[in-house]
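Knowing the structure of chain A, use the given hints to seat chain B on it.
So you can see what is in the structure, the chains are spelled out below.
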Amino acid sequence: MNVRLRYFAWVRERVGKPEETVEIPASVATVGDLMTWLASRGEEYAYAFENRNVIRAAINQSHVRPETAIKGAEEIAFFPPMTGG
Amino acid sequence: MTPTVRLQREPFDAGVEAAKLAHARDDVGALITFTGVCRGTENGEPIAALTLEHYPDMAEAEIARHAAEAANRWSLLGLTVIHRYGRIEPGENIVLVVTASSHREAAFAAAEFLMDYLKTRAPFWKQVETASGKSWIAAKAADDAAAGRWEVRRREHEAAE
Chain A
0 MNVRLRYFAW VRERVGKPEE TVEIPASVAT VGDLMTWLAS RGEEYAYAFE
50 NRNVIRAAIN QSHVRPETAI KGAEEIAFFP PMTGG
Chain B
0 MTPTVRLQRE PFDAGVEAAK LAHARDDVGA LITFTGVCRG TENGEPIAAL
50 TLEHYPDMAE AEIARHAAEA ANRWSLLGLT VIHRYGRIEP GENIVLVVTA
100 SSHREAAFAA AEFLMDYLKT RAPFWKQVET ASGKSWIAAK AADDAAAGRW
150 EVRRREHEAA E
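In order, the protein sequence lines correspond to chains A and B. Note that numbering that gives the first Met the number 0 numbers the first sequence so that position 56 is 55, with each residue one more than the last. Note that numbering that gives the first Met the number 0 numbers the second sequence so that position 124 is 123, with each residue one more than the last.
Just so you know, the hints here were simulated from the structure itself, not pulled from any lab data. Please note: incorrect hints may appear among the correct ones.
[As the list claims (entries may be wrong)] Some chain A residues near chain B, calculated using beta-carbon distances under 7 Å:
1. F7
2. A8
3. G31
4. T35
5. W36
6. A38
7. A57
8. Q60
9. M81
10. G83
[Claimed, not checked] Incomplete in silico selection of chain B near chain A, CB under 7 Å:
11. L30
12. I31
13. E52
14. G90
15. V94
16. M114
17. A121
18. F123
19. W124
[Unchecked claim] Quick list of the computed label-pair ranges, beta carbon to beta carbon:
20. T20/A x E155/B: 43 to 51 Å
21. S101/B x A38/A: 48 to 56 Å
22. D143/B x G15/A: 37 to 45 Å
23. D143/B x E66/A: 16 to 24 Å
24. D56/B x V53/A: 37 to 45 Å
25. V53/A x N42/B: 18 to 26 Å
26. R103/B x T35/A: 46 to 54 Å
27. T20/A x Q7/B: 24 to 32 Å
28. S26/A x G132/B: 35 to 43 Å
For each residue, glycine too, the CB sits at the ideal point set by N, CA and C.
Chain B extracted, bound-state conformation:
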């Protein structure tokens, strides 16, 4: 199974991407589709748009590395990660993770692992545009904690072996 990783300016179609992973095979029993969407407010203030800046080569390498790690840790039959960059308005999609597996546990866990990593390790930065101007969104401690729990599990897993 080779993960698909795409960085693009254009919106994606989550349904089409999910269907591709289950197409022409009968071993997929679980198909998880996570779509991150641009909210219309940030800290209670209405926003006009988000602009995502990224470090192109590193973003692709970093996501591919984590996609490969997910494929290594869980029994996946398919994996697609798409991350958009550029200007994105409220209601538009930002990020997509699709995982396919025979049983749901692997697909759920791998999708959550990838999203936690994308939040804290993939080189993307969100700038928010409101009536009062533009500002960079600060990283959230809760996202670091969410990503950190996978490290703990990895260490426990390695210690058990």
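Excised from the complex, chain A in its bound form:
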């Protein structure tokens, strides 16, 4: 599955890019699985996803939980807890 990944704030800084399109293996079923898979892609990803509990995610621009399935997703974003307002 080909998906556009987007990273924000310190997740973006650690990964070293704001976005990329990746081919995700079929064995990766959930948002949590995807973080585990990304963390295995290299040092910068391991650093970005070292503390997975604090990272938030969105699929197609809606908030999701780690157990949410990624099937059919076009865009998945990872970011720290939000600090707007």
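This is chain B only, laid out in the frame that chain A set:
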């Protein structure tokens, strides 16, 4: 009533935005204007500026969704939300919520609800710039608790129906 939601780099004029909601009508009895302002210190340390990063499409969708929810939960006659992004210096405005209603309860509650949600659910991230460098501001547990109380009230409301 269609809420107005704007994301912009430029400062806004809170007075002008509030006046627009009450213009040419006589049913508005309460007009609440909340402006979030950039403080000059963070944890006691003077700051040079804040930089707000955002996820543009999602921020707009997320704010619009919560604005629609506010309009659904309270009897509002007008609602405007403006959130800035980019570099903002101390004393400059960051965020604006204006609510108009016939009586004050709805306007106060809707404004507070929206601010609590903007703090915890709108995809914005603040980076602070001080003499010792740049760092990302950590989310506050108190903000999560403030947003959470609206969920409790929603569940109570739904249970009562």
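A quick look at each hint next to the structure:
no. : hint                       : result
1   : F7                         : holds (6 Å)
2   : A8                         : holds (4 Å)
3   : G31                        : violated (20 Å)
4   : T35                        : violated (23 Å)
5   : W36                        : violated (22 Å)
6   : A38                        : violated (20 Å)
7   : A57                        : holds (6 Å)
8   : Q60                        : holds (4 Å)
9   : M81                        : holds (6 Å)
10  : G83                        : holds (3 Å)
11  : L30                        : violated (20 Å)
12  : I31                        : violated (16 Å)
13  : E52                        : holds (6 Å)
14  : G90                        : violated (17 Å)
15  : V94                        : holds (5 Å)
16  : M114                       : holds (6 Å)
17  : A121                       : holds (4 Å)
18  : F123                       : holds (3 Å)
19  : W124                       : holds (4 Å)
20  : T20/A x E155/B: 43 to 51 Å : holds (44 Å)
21  : S101/B x A38/A: 48 to 56 Å : holds (54 Å)
22  : D143/B x G15/A: 37 to 45 Å : violated (29 Å)
23  : D143/B x E66/A: 16 to 24 Å : holds (20 Å)
24  : D56/B x V53/A: 37 to 45 Å  : violated (23 Å)
25  : V53/A x N42/B: 18 to 26 Å  : holds (19 Å)
26  : R103/B x T35/A: 46 to 54 Å : holds (50 Å)
27  : T20/A x Q7/B: 24 to 32 Å   : holds (29 Å)
28  : S26/A x G132/B: 35 to 43 Å : holds (41 Å)
Violated hints, listed in ascending order, are 3, 4, 5, 6, 11, 12, 14, 22 and 24; each of the other numbered hints is respected by the structure.
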